[in-house]
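One line per chain: the protein sequences are G and A, in this order.
Going by my numbering, the residue at position 147 of the first sequence is 147; the numbering climbs one at a time, nothing skipped.
Going by my numbering, the residue at position 346 of the second sequence is 346; the numbering climbs one at a time, nothing skipped.
Note that these hints are calculated values from the structure, not bench results.
A portion of the hints provided could be inaccurate.
Take a look, some chain G residues computed to stay more than 10 angstroms from chain A by CB distance [claimed, not checked]:
hint, residue
1, Ala-240
2, Ile-285
3, Val-375
Computed, partial: chain A to chain G, Cβ under 10 angstroms [claimed, not checked]:
hint, residue
4, Ser-64
5, Ala-157
6, Ser-181
7, Ile-213
Note that the Cβ used here is the ideal one computed from N, Cα and C, for glycine as well.
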Amino acid sequence: MSTSPRIAITGSGAVCGAGLNPAAIFDAILEGRSAVAPIAYWDASGWPIQVAAQLTGVKDQVLVDDRKLHKSISRTDLFGIYAGDEAIKSSGLRAFRDGLPEGEIPEFNDRSGLVVGSGGGSYQVNYDFFPLLSSSAGDMVKFGQELASSVHPMWLLRILPNNVLCHVGIRNNFKGTNACITNQCASGALALAEAVASLRIGEADRIIAVGHDAPIEPEAVLGYHHLGLLSADSVRSFDAERTGTIFGEGAAAVALEPLEAAKARQATILGEFLGSGAVSEASGIVHLQPDGDGPARAIALALADAGIAPKDVGMIVAHGNGTPNSDASEAAAILRVFGDNPPPVTAFKWAIGHTLAAAGTLDAVLALEALHRNVVPGIPTLNQVDPEFAALPVSREPREPRSGIALIICRGFGGMNVALVIRRSTDS
Amino acid sequence: MSTNGRTRIAITGIGLVTPVGNDRESTWQALQEGRPGPGPITTFDASGFTTRIGSEVKGFDFDSVAPRKLLKQASRCHRFALAAAEEAFSEAGIRPESATGERWGVSVGAGMMSISLKELDVVHRHCAPDGSFDATKMASPNYPADPVYFCRTQCNAGLGLLANHFGIRGYSTAVHTACASGGQAIGTALKVMRRGLVDKMLVGGFDSMLNPIGLSSFCLLGALSTDNDEPWRASRPFDVSRNGFVLGEGAGFLVLERWDDAVKRGANIYAELAGDGNSLSCYRITDSPPDGDGPIQAIRQSLASAGLQPEDIDYVNAHGTSTQMNDQSECAALKVVMGDHLPNVSVSSTKGCMGHLIAAAGAVEAAVCALAIRDGIAPVSANFQTADPGSEAVNIVAGKSRPTRIRAAISNSLGFGGSNSCLTFRQP
Numbered sequence: 001m002s003t004s005p006r007i008a009i010t011g012s013g014a015v016c017g018a019g020l021n022p023a024a025i026f027d028a029i030l031e032g033r034s035a036v037a038p039i040a041y042w043d044a045s046g047w048p049i050q051v052a053a054q055l056t057g058v059k060d061q062v063l064v065d066d067r068k069l070h071k072s073i074s075r076t077d078l079f080g081i082y083a084g085d086e087a088i089k090s091s092g093l094r095a096f097r098d099g100l101p102e103g104e105i106p107e108f109n110d111r112s113g114l115v116v117g118s119g120g121g122s123y124q125v126n127y128d129f130f131p132l133l134s135s136s137a138g139d140m141v142k143f144g145q146e147l148a149s150s151v152h153p154m155w156l157l158r159i160l161p162n163n164v165l166c167h168v169g170i171r172n173n174f175k176g177t178n179a180c181i182t183n184q185c186a187s188g189a190l191a192l193a194e195a196v197a198s199l200r201i202g203e204a205d206r207i208i209a210v211g212h213d214a215p216i217e218p219e220a221v222l223g224y225h226h227l228g229l230l231s232a233d234s235v236r237s238f239d240a241e242r243t244g245t246i247f248g249e250g251a252a253a254v255a256l257e258p259l260e261a262a263k264a265r266q267a268t269i270l271g272e273f274l275g276s277g278a279v280s281e282a283s284g285i286v287h288l289q290p291d292g293d294g295p296a297r298a299i300a301l302a303l304a305d306a307g308i309a310p311k312d313v314g315m316i317v318a319h320g321n322g323t324p325n326s327d328a329s330e331a332a333a334i335l336r337v338f339g340d341n342p343p344p345v346t347a348f349k350w351a352i353g354h355t356l357a358a359a360g361t362l363d364a365v366l367a368l369e370a371l372h373r374n375v376v377p378g379i380p381t382l383n384q385v386d387p388e389f390a391a392l393p394v395s396r397e398p399r400e401p402r403s404g405i406a407l408i409i410c411r412g413f414g415g416m417n418v419a420l421v422i423r424r425s426t427d428s
Numbered sequence: 001m002s003t004n005g006r007t008r009i010a011i012t013g014i015g016l017v018t019p020v021g022n023d024r025e026s027t028w029q030a031l032q033e034g035r036p037g038p039g040p041i042t043t044f045d046a047s048g049f050t051t052r053i054g055s056e057v058k059g060f061d062f063d064s065v066a067p068r069k070l071l072k073q074a075s076r077c078h079r080f081a082l083a084a085a086e087e088a089f090s091e092a093g094i095r096p097e098s099a100t101g102e103r104w105g106v107s108v109g110a111g112m113m114s115i116s117l118k119e120l121d122v123v124h125r126h127c128a129p130d131g132s133f134d135a136t137k138m139a140s141p142n143y144p145a146d147p148v149y150f151c152r153t154q155c156n157a158g159l160g161l162l163a164n165h166f167g168i169r170g171y172s173t174a175v176h177t178a179c180a181s182g183g184q185a186i187g188t189a190l191k192v193m194r195r196g197l198v199d200k201m202l203v204g205g206f207d208s209m210l211n212p213i214g215l216s217s218f219c220l221l222g223a224l225s226t227d228n229d230e231p232w233r234a235s236r237p238f239d240v241s242r243n244g245f246v247l248g249e250g251a252g253f254l255v256l257e258r259w260d261d262a263v264k265r266g267a268n269i270y271a272e273l274a275g276d277g278n279s280l281s282c283y284r285i286t287d288s289p290p291d292g293d294g295p296i297q298a299i300r301q302s303l304a305s306a307g308l309q310p311e312d313i314d315y316v317n318a319h320g321t322s323t324q325m326n327d328q329s330e331c332a333a334l335k336v337v338m339g340d341h342l343p344n345v346s347v348s349s350t351k352g353c354m355g356h357l358i359a360a361a362g363a364v365e366a367a368v369c370a371l372a373i374r375d376g377i378a379p380v381s382a383n384f385q386t387a388d389p390g391s392e393a394v395n396i397v398a399g400k401s402r403p404t405r406i407r408a409a410i411s412n413s414l415g416f417g418g419s420n421s422c423l424t425f426r427q428p
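In isolation and in its complexed conformation, chain G is listed as follows:
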């Protein structure tokens, strides 16, 4: 990768149950405050799972000011649009564009890209058909006849998985290369990887990468529960008595551009994106290879892409979703790649829940925050590391990263594994 440009991170935004920006979320994590609380969206008192990490007490308008837009988007889109706008705002790119001669603005817009990792859809939105199902009572002819008087004409627009791409684009006039990745929990991390790849080949001059999801709804909670993936109380990543994960919701985004261009416009450079790796385990929707084959290969590819050795990695933000199989195979992968010299490992899902498609992006933004503050937060829900992988350096207490480089691991259904490598400063 010697000929391709170095890629700077020049803006970020994040929202989840723990806060409305990366610093606030990281403060909560560092102070041991978890956003996991009783489910507020429905009466879950009789449910096997009654908790989630929700964003409560924040009006939709605070996230997206355009109230007209609220009617044609879903909650997941609110988060994604907010995070995308925040990243663009904090990057100073709009102010920079405003200062350009008018004739240069069309090219600026055409060379500004967006890559979004989306959760793909919700179940609840289909419930808009329930009144129609009741009134037609199994009569398909009646169903068709009464459709237009029962369901909102713009119904399809609310369920589009690429709404965030569309609306962050329209709101900011970013018209360049774009994608909406719908690869379940790997979506956000893959969006980052693809954004960087596009910048390296000069397909755009700047790209905003977003990950967003809002899975806290009855059918999804029940579905995960019946697959045995949810904990009833807390996410205890890598703990001997971990029982599963807990849903979170939110979004994160970063602004990326070639380092030289960022310096030239005197942007604040938050960090550097060094590399990524992505593989599948080819093992089915939920089955995982117990030996950690997938994450191990993804990590190795990411380190090679970054041009660094395992010893150079200063800290690891693990996927650590708290399910017995995922944590065990992920720990095996980390120990295989890093041997007897792994850096401090942590995970954030105990505090912000598992935000599915947004998880990789949120973890990356929070890892950058950790590098800046020179602290690897502890996992307060960790009582005893699983003896199966006792050598994994996880801790309840905060530690110092051993370098300014962080590795982020992200895993998803379908045997998907993505690893990302970022650096705090841009000196090398």
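Keeping the supplied structure of chain G fixed, place chain A upon it in accordance with the hints.
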């Protein structure tokens, strides 16, 4: 645009399941003859809907495309995908083995999270008999939760099935940008292969929205043709009397290899996948700008990515949905990009025969471009009779298919949400 020295990518296998044929050659034969796919909807009673016609896959053997155990997790469109992918592999004469699976990737344009009416009705009957949803009833022990169904509805379920069934262990991704999905998935694959992340890829798209909910969603928007008495001519892209698209279903898959590897093993090469262009219109969620802004940039970027000029293009497989807005915008874009060369370029929309395959459209139409190049035939733009002021300067393949040498072809895919994809193919 710095794509000089790029790796050449060969298309060595094609598989198709479409409304006009359940394999590659029967589809291609029907497209050359202009045999129409649309007819009255047969999979459910659509007689109460404003649109009662669709372009269904016919006589497809749903139960033998993969082992029974795997098929339990496969929805209707996943089965189309498995069959088309199998055809592409068999035809290419190469497929992932345990030793090579890590060097194979997969990139798909996946249909939207598809809830079937039958499954939605389960939730309705148990939790919302009177039309309003009561979540407490979902937690009742009598609720028939079905984890297999839940897995099937995950946004990357199709991707996971393909990776699992064929043993693909390298870079795996799914994209959803509505009607641009298939094109963008193939564009992503081109970039992944040029980066050298994998040696070979399975790429394609699959979709089926021909169910009561899917049909409802487009009926509500008023996007479908209501020519219920003449389904065979309901889809008539670019014709002055066009009045909406015809909803179709199906899958298209390609096997991609590095050019030199394909030549070395003596593979049959259909065409080179030479370029990818990609833009966002930032206009309106359902419309493309009348002046072609957005599609113009995608086409130009694709040509640049292929190292070609407009004069090198002999055939355009248009997005050509048969809606006023799309056709106007696309013709405007072709006029701007092709300039004086416009009269020399044969343009057709195979949606006149096939209808609109939504997330599969771009992938199926990429296959059509490769077949058009192989045989030197620009397939007919079925049902086109009279141009309107927007399309009269465009050289539409009217009446019957046109034998012509095709040195290079482009395929446009323009989606809801404003994503525009353009792929460029070259004669080997």
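Do the hints match the structure? See the list:
no., hint, in the structure
1, Ala-240, "holds, 26 angstroms"
2, Ile-285, "violated, 4 angstroms"
3, Val-375, "holds, 33 angstroms"
4, Ser-64, "violated, 20 angstroms"
5, Ala-157, "holds, 6 angstroms"
6, Ser-181, "holds, 8 angstroms"
7, Ile-213, "holds, 7 angstroms"
Violated hints for the displayed structure, listed by number in ascending order: 2, 4.
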